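Chemist: Those sequence lines, one after another, are chains A and C. Using our numbering, you'd call the opening residue of the first sequence number 22 and step up by one each time. Using our numbering, you'd call the opening residue of the second sequence number 552 and step up by one each time.
Please keep in mind that the hints were generated in silico from the structure rather than gathered at the bench. These numbers come from a predicted model, not from an experiment. There could be a bad hint or two in this list.
In silico DSS-like pairs for lysine-lysine, Cα to Cα no more than 27 Å straight-line [said to hold, decoys possible]:
no. : chain 1 : residue 1 : chain 2 : residue 2
1   : C       : 587       : A       : 47
2   : A       : 77        : A       : 47
3   : C       : 573       : C       : 591
4   : A       : 77        : A       : 90
5   : C       : 560       : C       : 622
6   : C       : 595       : A       : 91
7   : A       : 47        : C       : 591
8   : A       : 47        : C       : 592
9   : C       : 573       : A       : 91
10  : C       : 573       : C       : 622
11  : A       : 91        : C       : 622
12  : A       : 91        : C       : 587
13  : A       : 47        : C       : 595
14  : C       : 603       : C       : 591
15  : A       : 90        : C       : 618
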Amino acid sequence: SQQGEEDPQALSIQEGENATMNCSYKTSINNLQWYRQNSGRGLVHLILIRSNEREKHSGRLRVTLDTSKKSSSLLITASRAADTASYFCATVLFDTGRRALTFGSGTRLQVQP
Amino acid sequence: DTAVSQTPKYLVTQMGNDKSIKCEQNLGHDTMYWYKQDSKKFLKIMFSYNNKELIINETVPNRFSPKSPDKAHLNLHINSLELGDSAVYFCASSGYQGTQYFGPGTRLTVL
């Protein structure tokens, strides 16, 4: 089963609104990453948050991490039509040199112009 | 310059055929991966190679075999293709902290 589960599965908002996506995971992690996938394209890395961090910002993106609840959230502020994409969280666990990375099921975000 | 490239972009073939997908990265990364994304967008890791050694092999049928001629390449060979193999296959390489850099994907359709 998927390590990460995103919630909601789909989200539709108006341009200018904020979009919040949540991710829950099951095991210990070294870091958690968020990726975006535009239709028909490969995934693009957005932001990484380490297990000892609680919040991180990058432009209009804000990521939080609560390791006690094994959950993370991605906030996109002042959304634009170009933000329309699927968003995935991925957990990373370093294990004897390996970089086991497991993706969640994704949230499909639709931003209406 | 393309960081991670894979060919072909589209692959349409008959059941039972054998096919290969090629992947190359010019990022100097040590680890490369193959992922399968199904029609519901679930992304599942299939293989990863670190310094030419297979270090993760998920429960993938042995009809799938990764081949890495050197650190910059990780090709995927698929024998006796089945309908259920239809999906989008992504190659990726990882850098610092396990950040993944993805190729554009290969859409495989088995008829």
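Chemist: Confirm or reject each hint.
Modeler: Here's how the hints hold up against the structure:
Restraint check for residue 587/C and residue 47/A: the C-alpha separation of about 22 Å stays at or below 27 Å, so the hint holds. A hinted pair counts as satisfied when its Cα atoms are at most 27 Å apart, and residue 77/A with residue 47/A qualifies at roughly 21 Å. About 24 Å separates the Cα atoms of residue 573/C and residue 591/C, which keeps this hinted pair within 27 Å; it holds. Between the alpha carbons of residue 77/A and residue 90/A the distance comes to roughly 17 Å, so the proposed pair stays at or under 27 Å and holds.
Restraint check: the Cα-Cα separation between residue 560/C and residue 622/C comes to about 22 Å, which is no more than 27 Å; the hinted pair holds. Proximity of residue 595/C to residue 91/A is assessed by CA-CA distance (about 21 Å); at most 27 Å being required, the pair is judged to hold. About 21 Å separates the Cα atoms of residue 47/A and residue 591/C, which keeps this hinted pair within 27 Å; it holds. Pair hint residue 47/A plus residue 592/C holds up; C-alpha atoms about 20 Å apart against a cutoff of 27 Å.
This hinted pair does not check out: residue 573/C and residue 91/A have alpha carbons roughly 36 Å apart, beyond 27 Å. In summary, the hint linking residue 573/C to residue 622/C is supported, as the alpha carbons are separated by about 13 Å, within the 27 Å threshold. This hinted pair does not check out: residue 91/A and residue 622/C have alpha carbons roughly 34 Å apart, beyond 27 Å. Distance hint between residue 91/A and residue 587/C is fulfilled; the C-alpha atoms sit about 25 Å from each other, no more than 27 Å.
Proximity of residue 47/A to residue 595/C is assessed by CA-CA distance (about 16 Å); at most 27 Å being required, the pair is judged to hold. Between residue 603/C and residue 591/C the alpha-carbon distance is near 31 Å, which puts this suggested pair outside the 27 Å criterion. Of the supplied pair hints, the one linking residue 90/A and residue 618/C is violated, its CA atoms being roughly 40 Å apart against a limit of 27 Å.
Hint check: violations occur at hints 9, 11, 14 and 15; the rest are consistent with the structure.
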